[in-house]
Amino acid sequence: MKKSRQNVISISASLLVTMLIVTALLVSIGKNPIAIYGTVLTEVFTSGYGIGQTLFKATPLIICGCGLAICFHASLFNIGAEGQLNAGSFVTAIAVIKLEALPAPLAIVVSIIAGFLVSGVFGLIPAYIKIKKDVSEVITTIMFNFIIIALINFFLVDLFAVKATMHTEKIPDGYMLFRFSDFIPFFQGSALNASFVIALMTAAVTYFFIYKTTYGYKLRAAGFNEVASKYIGIRVNKVILISFFIGAGITSLAGMNYIFGYKGFYEAGFSNNIGFTAIAVTLLAKNNPIGIIFSSILFAILDYGGLSVNQEVPKEIMLVVQGIIILAILSTDKIVSAYFARAARDRFV
Amino acid sequence: MEVATSILSFAFLAQVLRLTTPFYLGASAATYSERGGVINISIEGFMNLSAFSFAAFTIGTGSLVAGLILSIIVNLIFSFLFSLFTVKLKIDQIVTGVGFNLLIAGITKFLLVLIFKSSSNTDRIEGLPEMTLFKSIPFLDTIFSDYISIFCFALIFISSFIFFKTKFGLRLRSVGENPWAADSLGVEVRKYKMYGVMISGFLSALAGIWLASNQNSYSEGMIAGRGYIALAAMIIGKWNPVNVFFACLLFSAFEALEIALQISGTNVPSQLIQMLPYVITILVLIGFIGKTRPPAADGKAF
Amino acid sequence: MKAVEFVNISKRFGNLPANDDITLSIEDNSVHCILGENGAGKSTLMKILFGIYKPDSGTLKIRGEQVNFQSPHDAIAMRIGMVHQHFMLVDDFTVLENVILGSELTRGLSLDFRKTERLLNELIDKFNLNLDLKKKVSQISIGQQQKTEILKLLFRDSDILIFDEPTAVLSPIEVNEFFKIIKAFKDSGKTVILITHKLNEVKQISDTVSVLRNGKLVLEQDNSKGNLDIEKLSNAIVGEKDAVETETKGEVKSREEMLVMSNVTLRKNGVDILNGIDLELRSGEILGVCGVEGNGQTEVADIIAGLEKSSSGKISRKFDTAGNVPDDRIKKGMIREFSIGENIAIKNKKNQVVTNNTLKNLAESIISDFDVRLPEIDSTLSQLSGGNQQKVIIARELRQDNPVIIFSHPTRGVDINATAFIHSKIIEQRNKGKAILLISSDLDELISLSDRLCVIFRGRIIKTFEYDEIALAQKTEKHKEMDIEMNKNLYDKIGKLMMGLTD
Chain A
1 MKKSRQNVIS ISASLLVTML IVTALLVSIG KNPIAIYGTV LTEVFTSGYG
51 IGQTLFKATP LIICGCGLAI CFHASLFNIG AEGQLNAGSF VTAIAVIKLE
101 ALPAPLAIVV SIIAGFLVSG VFGLIPAYIK IKKDVSEVIT TIMFNFIIIA
151 LINFFLVDLF AVKATMHTEK IPDGYMLFRF SDFIPFFQGS ALNASFVIAL
201 MTAAVTYFFI YKTTYGYKLR AAGFNEVASK YIGIRVNKVI LISFFIGAGI
251 TSLAGMNYIF GYKGFYEAGF SNNIGFTAIA VTLLAKNNPI GIIFSSILFA
301 ILDYGGLSVN QEVPKEIMLV VQGIIILAIL STDKIVSAYF ARAARDRFV
Chain B
1 MEVATSILSF AFLAQVLRLT TPFYLGASAA TYSERGGVIN ISIEGFMNLS
51 AFSFAAFTIG TGSLVAGLIL SIIVNLIFSF LFSLFTVKLK IDQIVTGVGF
101 NLLIAGITKF LLVLIFKSSS NTDRIEGLPE MTLFKSIPFL DTIFSDYISI
151 FCFALIFISS FIFFKTKFGL RLRSVGENPW AADSLGVEVR KYKMYGVMIS
201 GFLSALAGIW LASNQNSYSE GMIAGRGYIA LAAMIIGKWN PVNVFFACLL
251 FSAFEALEIA LQISGTNVPS QLIQMLPYVI TILVLIGFIG KTRPPAADGK
301 AF
Chain C
1 MKAVEFVNIS KRFGNLPAND DITLSIEDNS VHCILGENGA GKSTLMKILF
51 GIYKPDSGTL KIRGEQVNFQ SPHDAIAMRI GMVHQHFMLV DDFTVLENVI
101 LGSELTRGLS LDFRKTERLL NELIDKFNLN LDLKKKVSQI SIGQQQKTEI
151 LKLLFRDSDI LIFDEPTAVL SPIEVNEFFK IIKAFKDSGK TVILITHKLN
201 EVKQISDTVS VLRNGKLVLE QDNSKGNLDI EKLSNAIVGE KDAVETETKG
251 EVKSREEMLV MSNVTLRKNG VDILNGIDLE LRSGEILGVC GVEGNGQTEV
301 ADIIAGLEKS SSGKISRKFD TAGNVPDDRI KKGMIREFSI GENIAIKNKK
351 NQVVTNNTLK NLAESIISDF DVRLPEIDST LSQLSGGNQQ KVIIARELRQ
401 DNPVIIFSHP TRGVDINATA FIHSKIIEQR NKGKAILLIS SDLDELISLS
451 DRLCVIFRGR IIKTFEYDEI ALAQKTEKHK EMDIEMNKNL YDKIGKLMMG
501 LTD
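Chains as they are written, first to last, in my numbering: chain A, 1 to 349; chain B, 1 to 302; chain C, 1 to 503.
It is possible that part of the hints are untrue.
[Unchecked claim] Quick list of in silico lysine to aspartate or glutamate cross-link-like pairs, DMTMM-like style, CA-CA up to 25 Å:
id : chain 1 : residue 1 : chain 2 : residue 2
1  : A       : 130       : C       : 91
2  : A       : 170       : A       : 182
3  : B       : 88        : C       : 74
If you are wondering where the hints come from, they were derived from the structure by calculation, not from laboratory data.
Isolated chain A (complex conformation):
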């Protein structure tokens, strides 16, 4: 209970600090912060299109964040989500074309599983190296980001891309997921699609897995204290392998939004650093999958909001805002929890 109050305070404080810094930044470059905030809020919230686009942008962040949350809970610093999600998405997009002979639902399911496995395996390798060679997963996952992107570019250019483009063939229309605007006219023109529902389900399942199953407890235990976990009888190496596999595997689903819900193909660079932004999203939510839904939406608001004010200030300012948020949450979190710890100690004495 106390913990959650503490979280609310530190998250609010960090957002407030971010607001102050950004306002100061805007003033310093001679812009009117109120006008800019106003534009962002009206663009995002006053139209179905704005809301739809925001949720559309939040979708892959939620999914990728859930995958990362599993790794982070096990204290595995997976910085390789960007590579992992591209690997899986690429394989899914290729597989779905190659499996055209199968009935549509089967082809989709099989290709998604194939993507999941590929991403998962790219998570397993750093996990294995960590266990066997004691090399930090941080460095290996970063290396794999570069390796995977280079590999995909190679395969794309030489084998799979439509000529003179950097994307794969388009999947059959019948394979596309429904769009919200198909049923709800309010979302007219927005790309919000069934992937969003899948993202919410992913968050719910991940939440349940982490907080309500023995396995989730074991992986968190291993994250808190590896040595004690071994003594308690948890097979920590197995936990590391499984968490990395599942966590990395889940990131592959982040591509569905683009492939099955939006463009219908895999395109180089489609992920636009989702794998890194998701790290920030996950940290902001304190690795809680339900919280990740909200932090993803916040980051999506910044993303879409950035576009809406691009006339006034470069939309890249939102990247700065995201960076500030993440550093703000890290620091306010420490300060608030130190304060609470002191308060608790004083009460005890």
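We have chain A already, so just place chains B and C on it with the hints.
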């Protein structure tokens, strides 16, 4: 054939040594920080920041010297902030590193558009002045083309001396190995950790400046993972200035090879060549070196 | 002159008075021993002297001058030095680097190795330390590491030297060497303060002795003429124990061999840790293992628990898993961030859904069975006292109903009442027919609980006391008011064995 001859030439070797500069400066930056027990995965970000600020300040002030000094100051400010987060507030160092990388990427992209109205690069700058000292000596003129490169090679000896022969080095290493022991002997642990991080900021500034200067501009994404490779070189070189230098040579050799292949126009796909340094890193980490042993209290808060 | 004077020193941690109005002075150029049980407040007092803690009230005088230490640095400046129980050494540094750290001699920019080496070698010769300055600390023995610590103090010219349980980790030969060094210190005019709980050592080395119990100074004695009253001392140390009823050992009808280890060895990172362990563990018995820490007992436990693989030798076991109460509860025993229920749930073999209700039920049963005191049912273990944490760990390990249970230092740092409770739980399990391995450094605990007792030294079991030998000691213990003389024979014998002295 053509490639083979070009690789076996002195010119190629000189090229390899020259390209080592940013790797070795970055890897040294990481080493100073980690010897003090602070994992700094923001080397990439710091290099990016200084490359941008060097170009921007040089254009803004019209003076290379001002650009150089100001961009170093910017990096020192950011590395001081980094040490506040990791040393003072004791926030997880890797998380902080990710945060700084994201923030710096955002800042450079934003300012690039804001100041230069471009999402790809700055205006052109004059690079650092060429060294005239070795101008007439064929091999050395490529390697020692500028003051930063000279400093970089000198750094092998400077760092070895600092780490193993000076009071500062002894204390810096002690806080990375066993801060509690160091503290019990009156060593100001946090101060030394901060020094380590600040030196890291300074050296990565030089790495970024060198890159921007050689390219005569700043362009988005120009660091291209060199900061991360520098971290790998540090690990492969086992946190020792001399070994780290040889690890860096490995990586600069690949970069030189990549350039040689591109020029010769062979049909080896460039993506695969670009991938090589990262694959090599992984392979080396898996197989070709024994267990790595980072400073005992690396990454731990004090 | 007085070297150190504590005047009405008090220090509390939470509700616990660690030092309660202590007034004590220590003569200059003397060897003073401070005695007391675990948690009596010895270490706290020394940490106040060394500037690690600030007293809540009272004053501290050094060589007659009142001081107000803010940190150890102030104490070091007053030429006070302390060798901690856990050494403060940088493993990757050489002896020399460790010694000079923080007080380096320099010449220009560089460290002055030549001068430093000369100075240190002089000190090494003067005090007969027999140390190689160029070796890395990770490559030298514990005894040499202690000498490195001592050299650190000498290099800083400390003349009030504090040692926290210096002999606990030493072999008998090393202990003798250590005592010689202490004598040399005294001869050269230094003041030495030793924390210990070994009475024979006190008698041998001290000039004056003080005893702390429950944070209070309860006895001071002079030993300058070797006239120490051991019996009075031991009474003062133990005091009147709360009469807590403990389970009595029942008769066990049949004993079955659950585990036989023969000639088991273990080599780790090039170091031989176990050199041929022979050990039998039977159901319905408590097998005590005593020895100076670091002689392989932890590794024996780890091998039995399946956490470590032996290098060679034969192990036959009649059980799958063993309950395991590890020696370091914070590092190895629990997840501090988890509640009681969660700490139990992670032990489940099957993967299943864990609801708040499951957790509550798990916690409730343990809270009542083990009399755990805690703020709220979902409090994390970090909010519990040491004794209560230990109860939770034991409860979890007993829950599985494993036929073999390992207890490593089960009552270390636990208060008296919880200790008694834990002891009766151990006996209860034995009476149920469980095979119990009890590793401890508390000889009283071992002798009062064990059915058989073996002594481990340098990775080998060098002696096993069988049922009758122990039973006799237990009988006398029942009658006694801590009658040391009666048990002295057995204690002395074991004490010597722990030092590797077989007769």
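(request) With a cut-off of 25 Å on the C-alpha distance, tell me whether residue 170 of chain A and residue 182 of chain A pass. (result) Cα-Cα ~20 Å, so holds.
(message) Check whether the Cα positions of residue 88 of chain B and residue 74 of chain C lie no farther apart than 25 Å.
(response) Status holds; Cα separation ~23 Å.
(message) residue 130 of chain A and residue 91 of chain C were given as a pair; does the straight-line alpha-carbon distance stay at or below 25 Å?
(response) holds, 24 Å
No hint from the list above goes unmet by this structure.
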